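Trainee: Take these sequences, add in the hints, and give me the full structure.
Final position of the sequence shown in my numbering is 348; the numbers increase by one with none missing.
Calculated from the structure, these hints are not laboratory results.
Quick caveat: nothing in here was measured; it's all calculated off a predicted structure.
A portion of the hints provided could be inaccurate.
[Claimed, not checked] List of simulated lysine-lysine pairs, DSS-like, C-alpha gap at most 25 Å: (1) Lys225 / Lys162; (2) Lys173 / Lys135; (3) Lys173 / Lys248; (4) Lys173 / Lys225; (5) Lys158 / Lys173; (6) Lys339 / Lys173; (7) Lys273 / Lys317; (8) Lys162 / Lys317; (9) Lys339 / Lys248; (10) Lys248 / Lys135; (11) Lys336 / Lys248; (12) Lys278 / Lys331; (13) Lys173 / Lys162; (14) Lys336 / Lys278; (15) Lys204 / Lys173; (16) Lys158 / Lys317; (17) Lys336 / Lys273; (18) Lys135 / Lys204; (19) Lys273 / Lys158; (20) Lys248 / Lys225; (21) Lys339 / Lys278; (22) Lys331 / Lys273; (23) Lys162 / Lys135; (24) Lys331 / Lys248; (25) Lys278 / Lys317; (26) Lys273 / Lys339; (27) Lys225 / Lys158; (28) Lys331 / Lys317; (29) Lys339 / Lys135.
[To be verified] FRET-style restraints, in silico, Cβ to Cβ: (30) Arg296 / Ser275: 14 to 22 Å; (31) Glu335 / Asn297: 13 to 21 Å; (32) Ser206 / Ser319: 46 to 54 Å; (33) Asp344 / Glu224: 16 to 24 Å.
Note that beta-carbon positions come from the ideal geometry of N, C-alpha and C, so glycine has one too.
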Amino acid sequence: MRTTTDRAIRPARVAAGLGAAALLLTACGPLDGPERLKADCAVVVDGSGSGSDSDDGFRAKEKLKATLPRFLADNKCKYLSYAPITSASEASSCQVPRIDIDPDSDKRSEREPLWTQTRVLAEAGAEKMLECARDRQPGSDVLGGLTRAAKVPRDGDGTFQILVVSDFEQADPGFKLSRYKLATQAERDTAVAAMVDGRNLPDLPDTTVHRVGFAMRGGKTSPEHVEQLGAFWKQLLEKEVKVDVDDGYGA
98 MRTTTDRAIR PARVAAGLGA AALLLTACGP LDGPERLKAD CAVVVDGSGS GSDSDDGFRA
158 KEKLKATLPR FLADNKCKYL SYAPITSASE ASSCQVPRID IDPDSDKRSE REPLWTQTRV
218 LAEAGAEKML ECARDRQPGS DVLGGLTRAA KVPRDGDGTF QILVVSDFEQ ADPGFKLSRY
278 KLATQAERDT AVAAMVDGRN LPDLPDTTVH RVGFAMRGGK TSPEHVEQLG AFWKQLLEKE
338 VKVDVDDGYG A
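Mentor: Following this line, the structure appears as structure tokens:
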């Protein structure tokens, strides 16, 4: 015979069991789709002649189209901002609005189809920025492009991820890297000091710079050129600007 006490205990046990199951499911992760995107990202594109789409250039547009989709997915970019590399990147009139790839206002539970659509728009914005950089004051103020990227809003979580599509051959009205020798540490010290002289370095805390097209001057490169240019930019970016550098997306 079931007593009143038994009837009271049984619902309590059921509730406790359901509570434990809910905790287990929560620990396993959300049930309504993938984790939301959170990262702040930017793409900086080189409009100089060395990035032309001919055999004499490093094919900036081709590299941008091949790399940006993977960059956005790998880094779980929620926001993408844009900056040009021209002869005067900071002052360039090229403007493309920042895009929210995973907008909070969209309430659909299936996020991946939304991301597919918004990433296509993000890529179109990057190509628009590249075309503008090519049309207006073409040049190669790489450091100015990073300074421009440093000024965009940062509302996401974690490390700021910047994709830079450029050969990194700095050439602006005040400094041309091609005029400097980079073979020795003393020569690189001289070049770095000349480049940063009178400039405000970009403020980029907790930032990783991903390079694509690096050292591909004239569409070609050599081990010696890659080594010397790499040592110069390592000193400038890691020691002066204090960002991490990643070449995982290749030349």
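Trainee: Determine for every hint whether it applies to the structure shown.
Mentor: Hint check:
Between the alpha carbons of Lys225 and Lys162 the distance comes to roughly 12 Å, so the proposed pair stays at or under 25 Å and holds. For the hint pairing Lys173 with Lys135, the CA-to-CA distance comes to about 7 Å; that is within 25 Å, so the pair holds. For the hint pairing Lys173 with Lys248, the CA-to-CA distance comes to about 21 Å; that is within 25 Å, so the pair holds. With a C-alpha separation of about 22 Å, the suggested pair Lys173 and Lys225 falls inside the 25 Å cut-off, and the hint holds.
Taking the CA atoms of Lys158 and Lys173, the gap is about 22 Å. The hint holds against a cut of 25 Å. The suggested pairing of Lys339 with Lys173 holds, with an alpha-carbon distance near 23 Å, which does not exceed 25 Å. Only pairs whose Cα atoms come within 25 Å are accepted, and Lys273 paired with Lys317 is accepted, the gap being roughly 19 Å. The straight-line distance between the Cα atoms of Lys162 and Lys317 is roughly 20 Å, inside the 25 Å bound, and the hint therefore holds.
The hinted pair formed by Lys339 and Lys248 meets the criterion: a straight-line CA distance of about 16 Å does not exceed 25 Å. Distance restraint check for Lys248 and Lys135: the Cα-Cα separation of roughly 19 Å lies within the 25 Å cut-off, and the hinted pair is therefore satisfied. Note on Lys336 and Lys248: the hinted pairing holds, with a Cα-Cα distance of about 20 Å set against a maximum of 25 Å. Between Lys278 and Lys331 the alpha-carbon distance is near 16 Å, which keeps this suggested pair within the 25 Å criterion.
Restraint check for Lys173 and Lys162: satisfied, since their Cα atoms lie roughly 18 Å apart, inside the 25 Å limit. For the hint pairing Lys336 with Lys278, the CA-to-CA distance comes to about 19 Å; that is within 25 Å, so the pair holds. At most 25 Å may separate the alpha-carbon atoms for a hinted pair to count; Lys204 and Lys173 meet this at roughly 19 Å. Between Lys158 and Lys317 the CA atoms are separated by roughly 16 Å; this keeps the pair inside 25 Å, and the hint holds.
With a CA separation close to 20 Å, the supplied pair Lys336 and Lys273 stays within the 25 Å bound. Annotation: proposed proximity of Lys135 to Lys204 holds, straight-line Cα distance about 16 Å (limit 25 Å). Between Lys273 and Lys158 the CA atoms are separated by roughly 23 Å; this keeps the pair inside 25 Å, and the hint holds. With a CA separation close to 20 Å, the supplied pair Lys248 and Lys225 stays within the 25 Å bound.
Pair hint Lys339 plus Lys278 holds up; C-alpha atoms about 23 Å apart against a cutoff of 25 Å. Proximity of Lys331 to Lys273 is assessed by CA-CA distance (about 18 Å); at most 25 Å being required, the pair is judged to hold. Only pairs whose Cα atoms come within 25 Å are accepted, and Lys162 paired with Lys135 is accepted, the gap being roughly 23 Å. This hinted pair checks out: Lys331 and Lys248 have alpha carbons roughly 22 Å apart, not beyond 25 Å.
Under the criterion of a C-alpha separation no larger than 25 Å, the hint pairing Lys278 with Lys317 is consistent with the structure, at around 19 Å. Pair hint Lys273 plus Lys339 holds up; C-alpha atoms about 22 Å apart against a cutoff of 25 Å. Taken as a hint, the Lys225 and Lys158 pair is honoured in the structure, with Cα atoms around 10 Å apart against an allowance of 25 Å. A distance of roughly 21 Å separates the Cα atoms of Lys331 and Lys317; the hinted pair therefore holds under the 25 Å criterion.
A hinted pair counts as satisfied when its Cα atoms are at most 25 Å apart, and Lys339 with Lys135 qualifies at roughly 23 Å. Range check, Arg296 to Ser275: Cβ separation about 18 Å, and the 14 to 22 Å hint holds. The hinted window of 13 to 21 Å between Glu335 and Asn297 holds, with their beta carbons roughly 18 Å apart. Range check, Ser206 to Ser319: about 52 Å between beta-carbon atoms, so the 46 to 54 Å window is met.
For the hinted restraint 16 to 24 Å between Asp344 and Glu224, the CB-CB distance of approximately 23 Å keeps it satisfied.
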